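First to last, the protein sequences are chains A and B.
Residue numbers for the first sequence follow the working numbering, beginning at 1 and rising by one.
Residue numbers for the second sequence follow the working numbering, beginning at 1001 and rising by one.
Hints in this document: simulated from the structure, not taken from any laboratory.
Take these hints with a grain of salt, some might be off.
[Stated by the list, open to error] List time: in silico EDC-like cross-link candidates among lysine to aspartate or glutamate, alpha-carbon distance up to 20 angstroms:
(1) B:Lys1327 with A:Glu421
(2) A:Lys368 with B:Asp1366
(3) A:Lys356 with B:Asp1350
(4) A:Lys426 with B:Glu1303
(5) B:Lys1351 with A:Glu71
(6) A:Lys426 with B:Glu1307
(7) A:Lys322 with B:Asp1350
(8) A:Lys426 with B:Glu1333
(9) B:Lys1327 with A:Glu419
(10) A:Lys426 with B:Asp1366
(11) B:Lys1313 with A:Glu419
(12) B:Lys1043 with A:Glu421
(13) B:Lys1044 with A:Glu384
[Claimed, not checked] From the structure, some residues in chain A lie toward chain B, with a derived Cβ separation under 10 angstroms:
(14) Ser381
(15) Glu384
(16) Ser394
(17) Leu396
(18) Gly398
(19) Phe406
(20) Asp456
[Unchecked claim] Okay, the calculated bits of chain B under chain A, using three or more residues with CB under 8 angstroms as the criterion:
(21) 1360 to 1368
(22) 1372 to 1381
Keep in mind the model is a prediction, meaning the values are calculated, not measured.
For each residue, glycine too, the CB sits at the ideal point set by N, CA and C.
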Amino acid sequence: MSKYTEDDLREELKTKEYEYGFYTDIESDTFPVGLNEDIVRAISKKKEEPEWMTEWRLEAFKFWKEMTEPEWANVNYEKPDFQAISYYSAPNSKPKYDSIDEVDPELLATFEKLGISLDEQKKLAGVAMDVVVDSVSVATTFKETLAEKGIIFMSISEAIKEHPELVKKYIGTVVPQKDNFYAALNSAVFSDGSFCYIPKGVRCPMELSTYFRINQAGTGQFERTLVIADEGSYVSYLEGCTAPSRDENQLHAAVVELIALDNAEIKYSTVQNWFPGTADGKGGVYNFVTKRGLCEKNAKISWTQVETGSAVTWKYPSCVLKGDNSIGEFYSIAVTNNYQQADTGTKMIHLGKNTKSTIISKGISAGKSQNSYRGLVQINSRAENARNFSQCDSLLMGNECGAHTFPYIEAKNKSAQIEHEATTSKIGEDQIFYCNQRGIDTEKAIALIVNGFSKDVLNKLPMEFAVEAQKLLEISLEGSVG
Amino acid sequence: MDLKEKLVSSFMAFENTVNVDSSVHDIRVDAIKNFEAVGFPTKKQEAWKYTSLNSVLKNDFSVFPKETGALDYKDVKQYFIHDIDSYKIIFIDGKYSSHLSATTHDGIDVCLMSAALNKPKYKLVIDNYFNKIATKDGLSSLNTAFSAEGAYIHIPKNKVVEKPIQIIHFSTGNEAALMLQPRNLIVVGENSHVQIIERHQSLTDNPTLTNSVTEIFANKRAIVDYYKIQNDKQSASLIDNTFINQKQESIAKVHTFSFGGKLTRNNLNFYQNGERIDSTMKGITIIGDKQHVDHNTLVHHIEPNCESHQDYKGIFDANSTGVFNGKVVVEKEAQKTNAFQANNNILVSDKATINTKPQLEIFADDVKCSHGCTIGQLDESAMFYLRSRGIPEKEARGLLMYAFSNNVLDSVTIPEIKSRITKLIAQKLGVNIGFDL
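Extracted from the complex, chain A is given alone in its bound form:
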């Protein structure tokens, strides 16, 4: 099938009736604050989950009770009170605003810069929609195309009901319940998320994106994503959205599990632009995410991320290279401005023979922000001929921010070849001068230089995403140079 383009979409929408479909859910009802076994059971019951899932959640809750919050990350923030959070809130079907005029103009201005259409703007800002272009219908069309190929793409709660055998087989195999504090919490209380299964030998014809089923999942506070690529299949998955989202949930603890079976390939791209807090460091989202992929023989997992939002980010998309000849990749741009703090990086665990991993991490810090790269490359004693290349570059703007690098390299095999290099520098004055001289003002010049600096990573993003991400970088750094 040829690629689904925007023209196709427009064509379809003309002929198609607007379907309300999906929203069969209950009106917003929220659980009392606090977390205990009853709450976990109640969440599970609400989602009409089978017994094994309830048990699984309870087991995770038991582990979580024993655990303490990790302190090792290079970030400072006020610890959330886990008993002061309501762990279940059904998606609110009532729109936040009645008309777009009520939306924060600052937010709209940003939308404008990103080139987001008016309808999309309304959708993202939570304005009541009566226009035909709604992602619901798009999602439905997409679903049909996918179903033809045998691809399963639905919310995880649906998957638990409809494909319990797949969920049961794979959930928690890459990120076990007791993996870490936040993963355990997520395992116990996850509200929803995405599930994707690509059958054997199928090449998914389009970029799968959570964006297109946003009405169901929303930006869940405890999202759980499970992507399974069966033997010889390929999928490219997009998560997040370049548009800034103002979410009321302060704590986000998502878990993403990727499973690439023999000869499969998964490309997972993330753009994260959650509310980073105000310019003087008030508010903002805490983003504590556990992402990990498992590669079987000849499989490949590639993580690409552009992180510009959140007040505190704590995120390490990792690859377990279990099968021989498997490949793990990590491309990341993390931008911090004002009082943002990011501690992000990756783990590459080489277990199989001839495994390869590449890490390209670009950190840009401005304002009073702190940006850390923390990575682990581990070569197991049986991982013959393992190869790793890591490059971590940091760019500093202004002398009140910080850039930190904490790479951990552990090699237990003599045939391993590991290279790690890191640099820290600022934007050269001569570079800016060169641009100024040619009539490019300083702000534009910086955008240009930053773009060049992050090109290696931007190139790895799917086309449409890359253009938006580029603009996003510009916006995130706006006003950071005096």
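Since chain A is already given, all that's left is putting chain B on it; use the hints.
Just chain B, lined up with the frame of chain A:
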């Protein structure tokens, strides 16, 4: 009774042997309290993630050696850099050996810590410098609590010390297991220059543990050249804590050659308190068996226009473990800092392990900081080239490994040390390279 309790309870006995009225003793009392609270480091601490002291600490070390053995110079000559004239401060089982030593008070002070701590004429220096930069971690506190003996070197202004100073600690095995805690203080005045060689050598198969603390102060434009030769027996473990405080335009270089010992931990800390300072730390590690060498370095860039260079090479055979944990901190004020850090390793055996963690923490924007770290093998084509010219495999391997580690030796300024280390490398690699420099 474990070692910690034993050490804490023997502090009272130790107090009987030293002057308890001095101000230093207050420092000791504070330090033992601190050690009691903190204890020995464990793998749970980030800085000790890859190094466990458990296998060493389980020995029942005696803290005060009863009898010191006597040594003949001819028996231990090989451990000296004997082909050059030098000042020597020699200790046998922690006690000063006057007949092996050559100290001086002629213009400079090259003498004993015990003398410096007790004689009033050194009081001013001790008050100003003693325990001023040593950190408050468990091991340094332990050493501070029991600080009584070691080397004391004070070079006044404008003095180029023409002979290197050798500090050697021997342990003879009179005790079943011996713990030593030497404490060194080195103060180098403005525009002065000194070269120091430090070595710890066990002459026995009885286990020894040395927990050494050295504080070095390099004043304005001073040059300090420090060489650590670590080629001890399999029974000996060494925890070496070195703290260097540099004033403006001073240059400090520390070369660490680790070829032996059961467990070696080097805590090397540089603090740059002034502008235009240059700090260099280099090391070669070639180990095998079940040896463990851990280099833990810190460079703290506090003021602008300074430089630091780190270059550590490691070759690891058999079941050995190598750890490199380097940290460069650049403070907000330290603009125009240039900091470089390199750590290159070769794993020779499948059972050897390397854990490396080069870290940068940067708060200033106008800096050039980089680190590079590699783990790899010898170039096959280079091997082929050598072998095709009739060089046997073993020698070819030796030559390539020598070449790999060689550039660390470039900055060694004492030719005798260079040739000594070259020989040691050849010996460690099991080849006769035939470079008699």
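Hint check against the structure, violated hint numbers in rising order: Structure breaks hints 5, 12, 13 and 20.
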